[in-house]
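Engineer: Each chain, letter by letter, is given below.
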Amino acid sequence: MGKSHEKLLNNLEGLRKGAGLTQQELSESAEVSRKSINAIENGVYVPSTVLALKIARTLNCSVEGLFRLP
Amino acid sequence: MTFFKRFLVLFISGAVQVFFATYLLLELLGLSLGWHLAYHNIMFVPGILIFLGSGYLTVSYYFFSDEKANNSLYDEFTAVRYYKLGAAGYAINGIGIFILYSIQDWSNWNFELANNMIYQIAAFAWLVFGVLMVWFSMGDYKESKSG
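Top to bottom, those sequences are chains D and B.
For the first sequence, the positions run 1 to 70 when our numbering is used.
For the second sequence, the positions run 1 to 147 when our numbering is used.
Bound conformation, chain B alone (with noise of 0.2 angstroms):
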C-alpha cells in the first residue's frame, strides 16, 4: 500500500458517493436536472465501491504491507486529520438535519412525508461523508508529496 493508491481508493469511493449522493438529494428536495438514473440497480455502486476498497485497505494493513509502510499511512498525525474531518462530518450533519426538519411541510404531515425525510437525511449524510473523503484523499496524499 502507497499513499497513492489509499488516494485513488479514496478518492473514487468519495466522488461516486458524492455523484450518486447529490443526485439522490435533489429528487428527494424536488430539484430534480431533468434527467433521471434509468437503471437502478446502480445506485449499489457507491456501496459496493466502499465495501471492497474498505477489504482492501484492510488486507493489505495486515498481509500485504510491511511493519514500515504501516507506519507511515497509519501514523497518529494521520489519525488526528481523520478525527478532525470526521468531528466535521458529524458537526455538518447535525446542521443539516436541522435544517431538513425544518423546511418539511408539518401541516400535512403523514408517512409518505416522514419516508422521505428520512430519505432526505440518509442522502444529506451520505453526501457529507462522501465529499470528507474526497476532501481527506487529496489532503493526505498532497501532505505525502509536499509537507
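Chain D extracted, bound-state conformation (with noise of 0.2 angstroms):
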C-alpha cells in the first residue's frame, strides 16, 4: 500500500508502475487531471465511485484492488 488517505489505503501507484503507465498516461485514460491521479496516489484525495472504476478499469484490476478500507 502506498501513501493513503485516512478513510481509504490505496495501492494505485504500484499498480499503475506495474503496468508501465505513467501519471500523465493514465489520467487520460481514466478522463481526469494528472493531478488528481497524483492526489490519489497521495492519500491528498478519495475519487468518486465512477472514477475509481474508470482507474480500475484501465488498470485492468478490480476497485478492490486498488483502494480498501483501513
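The hints are simulated quantities; they were obtained by calculation from the structure and are not laboratory data.
Since we're looking at a predicted model, the values are computed, not measured.
Glycine included, each C-beta is placed from N, C-alpha and C at the ideal position.
Take these hints with a grain of salt, some might be off.
Derived DEER-like restraints, expressed as beta-carbon distance ranges [claimed, not checked]:
(1) D/L69 <-> B/E27: 50 to 60 angstroms
(2) B/Y61 <-> D/R57: 18 to 28 angstroms
(3) D/L69 <-> B/Q104: 50 to 60 angstroms
(4) B/A79 <-> D/N42: 14 to 24 angstroms
Once you've looked at the hints, go ahead and assemble the two chains, each given alone in its own frame, into the complex.
Structural biologist: Shown next, in the form of C-alpha cells:
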C-alpha cells in the first residue's frame, strides 16, 4: 500500500507502475487531470465511484484491488 | 484552454478585484489612505474583467477545447477545490458581516449609515471572493505543474 488517505488505503502507484503507465497516461485513460491521479496516489483525495471504476478499468483490476478500508 | 491560461484569467480578475475592493472597503470604513481614484468609472474594470473572463472560459469549454483538455481542466478534484474555497468564502463572509454589524453606530442610526453599511458588506464580500479567486488560481496552477 502507498501513501494513503485516513479513510482509504490505496495501492494505485504500485499497480500503475506495474502496468507501465505514467500518471499522465493513466489520467488520460481515466479522463481526469494528472494532478487528480497524483492526489489519489498520495492519499490527498478520495475519488468518486465513477473515477475509481475508470481507473480500475484502465489498470485491468478490480476497485477492491486498488482501494481498501483501513 | 490550458492550466496556465486559466491561471492568468482567474489571477488577473481576482487581483484587480482585490485591489478595488480593498480600496472601497478602506474608504467606507473611514480608513482612507489619503489617496483617491480620480476617475470613478474605473470601478467598472473588475466587473468587466469578470464578465469577459467567465465568458472566455465558457466559450473555450464549449467551442475551442477538445474533450481531453476539458477532462483534465474540469475534473472532480478541481471541483472539490472549488467547493472548499467557496464554502470558506461563505463562512468568512458570515463572520465579516457579523463584525460589520457589530461596529455600526446604532445609537445614531439613519438612512445614510444604513446605505454605508450595505456598501461595506458588498465591498467585504467582493474582497473575500477576490482573494479566494487569487488563491484558487495559484493553487490550481501550482498543482498542475508539480502535484
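Engineer: If a hint holds in the structure, say so; if it does not, say that too.
Structural biologist: Hints versus structure:
no., hint, verdict
1, D/L69 <-> B/E27: 50 to 60 angstroms, "holds (55 angstroms)"
2, B/Y61 <-> D/R57: 18 to 28 angstroms, "holds (26 angstroms)"
3, D/L69 <-> B/Q104: 50 to 60 angstroms, "holds (51 angstroms)"
4, B/A79 <-> D/N42: 14 to 24 angstroms, "holds (19 angstroms)"
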